[in-house]
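Participant: These are the residues of each chain, in order.
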Amino acid sequence: MLIGKSPKIPTSEINSETTYLNRRKFMGQSAALIAGASLMSTAQAGLRADDEITPEDIVTQFNNFYEFGTDKSDPFENAHTMTTDPWTVNVSGEAKKTGDFAFEDIIKGMTAEERIYRFRCVEAWSMVVPWMGISLKKILEQFEPTGNAKYVEFKTLVRPEEMPGQSSFFSSIDWPYTEGLRMDEAYNPLSIMVTGVFGKELPNQNGAPWRLMVPWKYGFKSVKSIVSIRFTDQEPINTWQQLQASEYGFYANVNPSVSHPRWSQASERRLPSTLFNTNRRPTLPFNGYAEEVAHLYKGMDLRKSF
Amino acid sequence: MAKIRPNNTLKLALAVLASSPLAWLVYLIALEIAEPTSGLGPDPAEGLLHYLGEWSMIMLLVAFSVTSVRRIFKQPFLATSRRMMGLFAFAYVVLHLLAYILLYVELSWQLLLKDFVERTYITAGIAGFLGLLAMAITSTKGWRRRLGQNWLRLHKVIYLVVPLALLHLIWLRKDGFGDIALYLLWFAILLGERGYRVKRFRKAAT
Ligand code: HEM
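Respectively, the protein sequence lines represent chains A and B. For the record, in the first sequence the residue sitting at position 117 is 125 according to the numbering used here, with numbers rising by one throughout. For the record, in the second sequence the residue sitting at position 33 is 55 according to the numbering used here, with numbers rising by one throughout.
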């Protein structure tokens, strides 16, 4: 097993605030990785001195995954009913290779590397999570998107019999849960498809068998349990924008200066937070990944394209 | 149903019932203090706010129900418990507001003011709280006597407070509207009962 610094994100190494967390803890667990992918290298892009990894039971038991209910404990309690094997992914739109693919075939021979990322929810709480993931660019390129592919859209599984939130009468979400990225965002080295966490297989409640992870955007962009990938020349309408366009946009970049009607985004509670110390800290532009991604938005008014 | 005469045991039982969610909360906080995240979860600020928010809403509707229940089940003794239930509702709202001040804006009056101006659900919540505050302050015998007819008029503000609280909840909720549907139905039934009384009263008067 090779543990090396990621060659992709060199900025993390020259950042004086950057620190490398103890990786040894994760090395021992790598054997549990899913078939077809193995741990090869470690990357902690832009981790800061005060970024402590959130305990595993919080990462896996405190989730927003409305397909399983709206309480944050619902996904942990309900998601075990979801069958993730077999898992078929439909690829469509502006690409040469389209059709139905078995999930294992898509990631066959690919390397899941560890990426410790800050994870910022639009509800003003955050975590630090050691994901295991594969470069999204690598995954998408095998479908050979054409020049018309300006955006890529992802959809979550719809299976009401296994997902109680989808059969709930009191939900106003039009399933499937839909998200999207601009192609250059998708091709950014930070963008990964997550297949594991804490050196283990990804639990259902975290979006098994695979989910997106774009750490400079609010958590709702990082769509879970993906069954559809569509390349398109039109900006996809993501689920939250569809529900409440005045509050949620397409980009959803973490931005302390764009206030949300429900939550001030100026600060966040880093979990675990306690009654006597909420562990509140200022929110960073692009969730602290400005060096890696700010260039993607040059010339855009991010107050309007929120 | 037999008429129950006013008695302190019953009132005490009601008080115990109304404070049981608080007792449970004390237990959760004790767990939390013994071992962080064990009582209120990894984000106790939100956990506490939501717990107290839900019970504020329920107690508000309970207090608003006392008069209807008294009339429907012909139990005049309940009239003596209305004030107590109203004050319980107020207490939950005060704790909810306190949790917000301590754990959300963390004692920053500037942030509170900003929230009040920028976030309509906070505006509605605070307006509702102020209405309840006026009712709570004037809930004593002395104030009741001093205000005379105006006391009844002032306490009609409950007809604004409940919709404001419901708006607060509707505006802040993203999805999962089951409990809100129940609260709305509950409120509608109570309004219906009052409307029915008014109509009958008018008919009897003509
Ligand atoms: C009039 C009385 C009030 C009632 C009945 C009430 C009720 C509620 C309810 C039911 C919730 C939602 C709980 C959940 O979703 O599980 C809530 C949340 C909340 N309330 Fe209130 N509330 C009141 C007043 C206030 C006031 C005065 C404030 C602050 C100024 C406030 C601030 C909040 C906040 C910040 C949340 C949570 C938002 C989040 O999810 O982050 N409320 N309230």
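A portion of the hints provided could be inaccurate.
The calculated lysine-lysine pairs, modelled on DSS-like cross-linking and capped at a C-alpha distance of 27 angstroms, are [to be verified]:
1. A/Lys116 <-> A/Lys105
2. A/Lys312 <-> B/Lys136
3. A/Lys158 <-> A/Lys105
4. A/Lys312 <-> B/Lys196
5. B/Lys178 <-> B/Lys163
6. B/Lys96 <-> B/Lys221
Read the hints as simulated data drawn from the structure, not as lab findings.
Participant: Let me make sure I understand: some of the numbered hints might not hold for this structure. Which ones are they, in numerical order?
Facilitator: none
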